[in-house]
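There are 2 protein chains.
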Amino acid sequence: MIETCNSILKMGFQDGSRFFTFLFNDFLLFKERNGIYLYPEPITKLMDSYMKLPGIGAKTAARLAFFTINMKEDDVTDFAKALISAKRDLNYCSICGHITQDDPCSICQDKSRDRSIILVVEDPKDVISLEKMREYHGLYHILHGVLSPIEGTGPEDINIPSLIRRLQSEEVKEVIIATNATAEGEATAMYLSRLIRPAGIKVTRLAHGLSVGSDIEYADEITLLKAVEGRREIE
Amino acid sequence: MIETCNSILKMGFQDGSRFFTFLFNDFLLFKERNGIYLYPEPITKLMDSYMKLPGIGAKTAARLAFFTINMKEDDVTDFAKALISAKRDLNYCSICGHITQDDPCSICQDKSRDRSIILVVEDPKDVISLEKMREYHGLYHILHGVLSPIEGTGPEDINIPSLIRRLQSEEVKEVIIATNATAEGEATAMYLSRLIRPAGIKVTRLAHGLSVGSDIEYADEITLLKAVEGRREIE
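Heads up: the sequence lines are chains A and B, in that order. Each residue of the first sequence is one higher than the last, beginning at 1 in our numbering. Each residue of the second sequence is one higher than the last, beginning at 236 in our numbering.
Chain A with its partners taken away, still in its complex shape (with noise of 0.2 Å):
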């Protein structure tokens, strides 16, 4: 705890002269010390595991905690239950890397999509988001990351290879590069357009442009000169 904590040692000057005290921050005084009574054991545990997850710190953990003292007893094991089942029984297809209970995922395994189209996207996230759009039914590829050379990941490191290696195997007829519109995503895109193309396959990106129901005069420059670029002549 100590080791990996990432506290601030304060020094303070109180009560008159009297002595200095080191105050460490929340992270050391979830123990029990000194005859100092802090969090019973369960609830510093409880606390710990909360604090594992992405934007949660000490005090949101706290407070998660004795949420959970409060709660039904059934939806307590409910959680613990999920946790350990999603952790078990998921994992990711070996066909397109999404996040699948089967082996390959449904969508693969689903005869009725169009396999001459491949969506490429870098999240499993991405892929629930295209699918409420309801208007796409063909394959996806989840790269699971994009490429980075601050980060030092290259294309070995995401799921380039096997989309090579479905493109050499399935006929596919048009890949949809559906990246992020950041750098690193419009890298990704790049590099996979210049790998993909000379295979005399159909490489697109998605249309950046205006957001439906937003205003012109909130846009920034970049996503209005993605607008003008892309016009399309009204029929």
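FYI, nobody ran anything at the bench for these hints, they're computed from the structure. Heads up, a few of these hints could be off.
What the hints assert, rightly or not - One-sided excerpt, in silico: chain A residues whose CB lies under 8 Å from chain B:
1. L38
2. L46
3. M51
4. A62
5. R63
6. D75
7. A86
8. P124
9. I176
Everything numeric in this text was worked out from a predicted model, so none of it was measured. Note that beta-carbon positions come from the ideal geometry of N, C-alpha and C, so glycine has one too.
Starting from the structure of chain A, add chain B where the hints point.
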């Protein structure tokens, strides 16, 4: 799921005038429907559990669930065990109402504590804050709430009867009331003071004033008023 969700029903006019669509929010779209593939069941269940926690909505629940899948197996197992243990092994102390593994709690059992002072707080988390101060060596009493006519919380609904029984049976000289400085906290302090003082027990309230290290410029006028009222002679 459909019944419990507090979703906003949006009516969209899609694709020319081909059809009206009812777009429910993320809640309804967790499940697999009409050949659209969404989250696998283990992740749906985990998201449902995360969403029962305070301040966690559908988007955060999805993020936490995906994070959980990528966590180390041991960490997930520990998390599940911590949940069960916190619910099963923790209870409220039968004397003071503090959260504890053993009954009575370690503070009530500690013979070195000054048994003539009881500090009354709203919440077990307040005990932890006060213990960190390292200067208070009396006992505690946790109300688990405040009097609130609006929410229908009367003296019987919070831990007041057990406090009165304690004062009758133990030799207490002073009760320090440390409810929060809110309208309900102040009202509860007033109520307790009128109830306890006739028994010849000294009733005190924590001082209100400026926080240490704060700027007078940014202090609100009620805090300033309390600070002036509670001024002390410099020795």
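| message | So, against the hints stated earlier in the document, which numbers end up violated here? | response | 3 and 9
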